[in-house]
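Asks: Make the full structure from the sequences, and use the hints.
Given next are the chains, with one letter for each unit.
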Amino acid sequence: MIEHFLAGSATLFGDPFTIGVFIFGVLGGMLFGAIPGVSMLTLCAILLPFTAQLTASQGVMLFAVIYCTGTYGGAITAILFNIPGAPENAPTAFDGYPMTQQGKAGKAVGAAVLCSAIGGVASAIVMMAATEPLAKWAIRNIGPPEIFALVFFGLAVASSVGGKTMWKGWMSVLLGLLIATIGQDPVGGINRYNFGFADLAAGIAFVPSILGFFAVSEIFVQAEKKAMGKFTAPKVGLSFPTFAEIWFHKIAVVRSILVGFFCGILPGIGATLAAFMGYGEAVRWSKDKTSFGKGNIEGVISSETANNAATGAAMIPLLALGLPGGALTAMMVAVFQMHDLEPGPLVFYNSPDLIWVVFAAMFYANLCILFIGLLETKTILHLLKVPFQFLAPLILLLASIGSYIGRGLVLDVMVMFGAGIIGFLLRRSGYSIPGIVLGIILGKIGEQNFAQGMQMVHYDLLTYLSRPVCLILIIAGSLTLLSGIYKAVSTSLNSKA
Amino acid sequence: MNFRKTFKFSITAAALILGVGTANAFVCSVSDATMAKPGGFPERALTMIVPYGPAGGSGQVAAGMAEAVTSLTGVSINRDHKPGGSGTLGMAAYIAMPADGYNVMEHIDDASSAHALDSGQPNPASDLIPLVTSQVTFSQIYIRTNETRFSDWASFSAWVSAQNGKATIANVSKEGSMERVTMKFVTEAAGIKIQQISFDKGAPRYGALLGGQVDALFEQPGDVRNFLDSGDFKPILTIFNERPSVFSDVPTHKDVGMTFEPLLRFRGFFVHKNAPADRVAWLKWAFQRGYCEDSYQKFNDSKYMSVIDSYRDTDGSIALINSTVKQYRAVYKEMGLELK
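If you read the sequences in order, they're chains A and B. For the first sequence, position 248 matches number 248 in this note's numbering, and the numbering has no gaps at all. For the second sequence, position 163 matches number 163 in this note's numbering, and the numbering has no gaps at all.
Hints listed in this document are in silico derivations from the structure and should not be mistaken for laboratory results. The beta carbon of each residue, even a glycine, is placed where N, CA and C say it ideally should be. Treat each hint with caution, since some may be false.
Derived list of chain B stretches under chain A, where covered just means 3 residues or more per stretch with a C-beta under 8 Å from a C-beta of chain A [claimed, not checked]:
{"no.": "1", "stretch": "60-73"}
{"no.": "2", "stretch": "204-215"}
Simulated restraints, written as ranges between beta carbons of each label pair [claimed, not checked]:
{"no.": "3", "chain 1": "A", "residue 1": "V489", "chain 2": "B", "residue 2": "D127", "range": "55 to 65 Å"}
{"no.": "4", "chain 1": "B", "residue 1": "D278", "chain 2": "A", "residue 2": "H458", "range": "57 to 67 Å"}
{"no.": "5", "chain 1": "B", "residue 1": "A33", "chain 2": "A", "residue 2": "L31", "range": "35 to 45 Å"}
{"no.": "6", "chain 1": "B", "residue 1": "D127", "chain 2": "A", "residue 2": "G14", "range": "54 to 64 Å"}
{"no.": "7", "chain 1": "B", "residue 1": "K326", "chain 2": "A", "residue 2": "G188", "range": "18 to 28 Å"}
{"no.": "8", "chain 1": "A", "residue 1": "H458", "chain 2": "B", "residue 2": "S151", "range": "20 to 30 Å"}
{"no.": "9", "chain 1": "A", "residue 1": "I485", "chain 2": "B", "residue 2": "D127", "range": "51 to 61 Å"}
{"no.": "10", "chain 1": "B", "residue 1": "A33", "chain 2": "A", "residue 2": "L367", "range": "50 to 60 Å"}
Replies: Set out below in C-alpha cells:
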C-alpha cells in the first residue's frame, strides 16, 4: 500500500499542472462549501464539461479533492452565522453557533478545522487499506432494513437536543418528520400534502428549510433583541482549542470516525446522515445531554469528524463497485465516463495509477484543511465584527439566493421564509430547531428505507427483526427512547411533588 | 388475464409505430450539414430543462446532446436540472418558461405515462413539439453472475414460483411506471409472484443485487453496462420482440411464451408548442443533426443505445408518444387505476 501511495504522491506532485488542479480543488471546495446555496455540487456541475480537457486522473482527483474540502467549508458559516453551507454541516450549527454567541467562535472553528482534518485523513487511510473488502462487506450486510434501524437508533436521542423539555423536543422531531412526508412518497410515488401544486410534489428541499430554521429565524431573534434594546454583538473569540481540550474528546473523535465511515460506505447515504448520526451518538453517550444545542464543543467535534470521515468512505463503493454514495460521487461517474472509463472493480486492474493519485490527493487535501483552515480562521473570525444592521440583510440575501439556486423555484424561497417565521415562534416557546431539522433529514432517509425494508421482509415484522443488525439497533433505540421517557416522567412527577 | 385482448397491436403495426427492431449500420437521416440561423436566432445560449439529476440516464443524455449541438452549431446550452416528482416538477417549470425558442427540455417516457394517467398533465406529443427522440431502449431482468440458486430464466421462474411470493426484484416501481407495468405483464404471463422493491436511485438499486439484498434486478442494459462488462450481472430475460445481437444468447419474453407488447424507455428533447415556427425549424435541425455527431453516436454506443434504432424525428416521436400513451391507458384501465 505504501509504495502505491508514494507512487500516487509522485504523480500528483510531479507535474505542475496537476498540482495546480489540486490547489484549485482545495481552495474552490472550501470557498463553494462555505457559501450557502452555491455548494461544492454547484462548483462540480460548472466544472464537469471542463474535465473533458483534463486527464482522467486529474478530473476524478479534482472532484475528490473538492468533496473533501467542500464538506469542511460549510462548517465556517454554520458556526459563525448559523448558516450551514450544506445539509451535512447543519449539526455543526447546533452547538457551533451558540459557541459563537458565547464568544467562543475561535474554539468552535478551530475544533471544526482540526476534526474535519482528522476525520478525513483517518477515512482516507482506511480507504487506501481496504477499499474492496469493505465495499463488498457493506453491500452484503447492510440493506434498507438496517439503514432504517440506524435512523431509528439516531432519532431516539433527537429529543434531547435543544428543546426546553423532552416533550417539546419530541414535538419538534415529530414536526420535522411530518414536514418530511410532504411530496411524493418515496416508494409508490403517491402525492401527499401537495394540494395539487406540482412544485410541492417534489417535497420540501433540505437547504431552504435548514436556512429558514437556522439563519432566518436567528435574524428574527436578533432583530427582536435589537428592537427591544437587548442586542449584544457576539464577542470575537480568537482563542483556538488547546490540544488538551481536543484530547479530552478523543473518544468522541474515534466514535465519529467509525460512525461517519460506516454511513459513508453505504451507497446512496453519504455525509449528511454521517454528520447527524455522529452528533446523535455524541448526545447519547454524554453524561450531560442537556448541554447539547447550547454550545457544547463535542457537538462540533462529532459532527465535523463524522461528515469528513464519510468522504473517504463514500469513495469506496464508487471505486470498488461503481456505486456512487451521493450526488457528488454520482458526478464523478460522469467524469469517468467522459474518459471512456467506468468506476467499478475493473478500474483497479485497468487504471491503478488513477486510483492511487485520487487516494493520495484525498489524503493531502484533508491535511490542507488543517493548514489552510488554521491560517484562514483568524481572518474569517473578524467577519463577526460587521455590525448586525449590515450583516443581517447580507445573510438574508445569501440565504435567499442559496434557497433559490438549488432547484430554481420561488417556492423554495417562500419555504425558507416560512421556516424562518415558524422557527422564530417555536424558539420563543422552547421548541427545538435542531430537533425539527433532524426530523426532516432523518425522516426522508428513514421513510424510504423503512418502506423498502418492509417490502423486502414482506411486511412481516418478525422477519425484519430476524436480521441481527436490525434487532440490535431497534432494541438499543427503543431502550434509549424508554429511558428518556422514564426520566422525563420522573422529573415531571418530582417537580409536582 | 389475456393481454392480447387489451393490446391489439399486430407485430407489424407495432414495428411501424414503435420502430421496433434491431438497428442497422448508422446512417444520418438529416442531410443538411448546416442551416442558416433564422433572424440571427439563437444569438445567446439556450437553456435546457432536465427534470432529473445530472448523474442519471437523463442527465447524461442531456449532457451528450448539449455537447453535440454546441459542437455542431457553436451555440452553448445551459442545463438546468429540476429533479423531483418523477419529472413533473421539471415539466411544470418548463411550461412556465417563455416560449421563445431559447428554452428547450429533455424528458423521458415518464411524461407520456404521466399524461396517460392524468390528462391534466401535458401531452408531450401535442402540448410540446418533439425535436428529436435520441434514445430508445428495452429492459432486461438481471441476476448475479455468481448466483447458485438459478442460472437462467427457466430456473429463475421455477425458483420464484417455489418461494411463494417471497422472491424479490429491485426496480423503480412507482405507481403507473413503465417498470411496474412491465413487471405486471411478466409476472402474470409467467404465472409467478415476486415482490418488487422500489429504489429511486441507481446506486442502491444495483447495490441491492450485488450484495444479495434482492434476487433480481429490472433495468435497461445501458444503465448497468459496467456491471455487465465486469461480469457481476448477467441478463436472463430481454423484454423485446427480437433478440438484439449483443444479447443473442438471452431469450426474449416472446421466446418464453409471453405475448405482450414491450414498453420501451425513451428519452428526447422538446420545445414549446407556441415557439416561433422558424426557430422551431432550426432547433429541429440542430437536435436531429446533433444526433448524427460522432460524439453523440459514441455516447449512445457506450449505453447500448444503438442496439435498436434510437432515432425518431418529430413525426416519429409524436407517433411513439401517442402509441405509448394509448398503450399505458389501456394498461391502467386493466390495472383498475383511476384515469383522470
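Asks: Should the hint that H458 (chain A) and S151 (chain B) are 20 to 30 Å apart at their CB atoms be regarded as holding?
Replies: Taking Cβ atoms as reference, H458 (chain A) and S151 (chain B) lie about 25 Å apart, which means the hint holds.
Asks: Given as covered by chain A, does the stretch 204-215 of chain B meet the bar of three residues or more with CB within less than 8 Å?
Replies: Held - the stretch 204-215 of chain B has 9 residues with a Cβ nearer than 8 Å to chain A, which meets the minimum of three.
Asks: Could you tell me whether the CB distance from I485 (chain A) to D127 (chain B) stays inside 51 to 61 Å?
Replies: Because 54 Å falls inside the window, the suggested range holds.
Asks: Against the range 55 to 65 Å, how does the distance between the Cβ atoms of V489 (chain A) and D127 (chain B) compare: consistent or not?
Replies: Holds - the Cβ-Cβ distance for V489 (chain A) and D127 (chain B), about 59 Å, lies within 55 to 65 Å.
Asks: Do the beta carbons of K326 (chain B) and G188 (chain A) sit within 18 to 28 Å of each other?
Replies: At roughly 24 Å between Cβ atoms, G188 (chain A) and K326 (chain B) fall inside 18 to 28 Å, so the hint holds.
Asks: With respect to the beta-carbon atoms only, verify the hint that D278 (chain B) and H458 (chain A) lie 57 to 67 Å apart.
Replies: 59 Å, holds
Asks: A33 (chain B) and L31 (chain A), beta-carbon distance inside 35 to 45 Å?
Replies: 43 Å, holds
Asks: Taking a Cβ-Cβ distance under 8 Å as contact, does the stretch 60-73 of chain B have three or more residues in contact with chain A?
Replies: Satisfied; 3 residues make the cut.
Asks: Indicate whether the distance between the beta carbons of D127 (chain B) and G14 (chain A) respects the range 54 to 64 Å.
Replies: 57 Å, holds
Asks: Is the hinted range of 50 to 60 Å satisfied by the C-beta distance from A33 (chain B) to L367 (chain A)?
Replies: 53 Å, holds
The structure meets every hint from the earlier list without exception.
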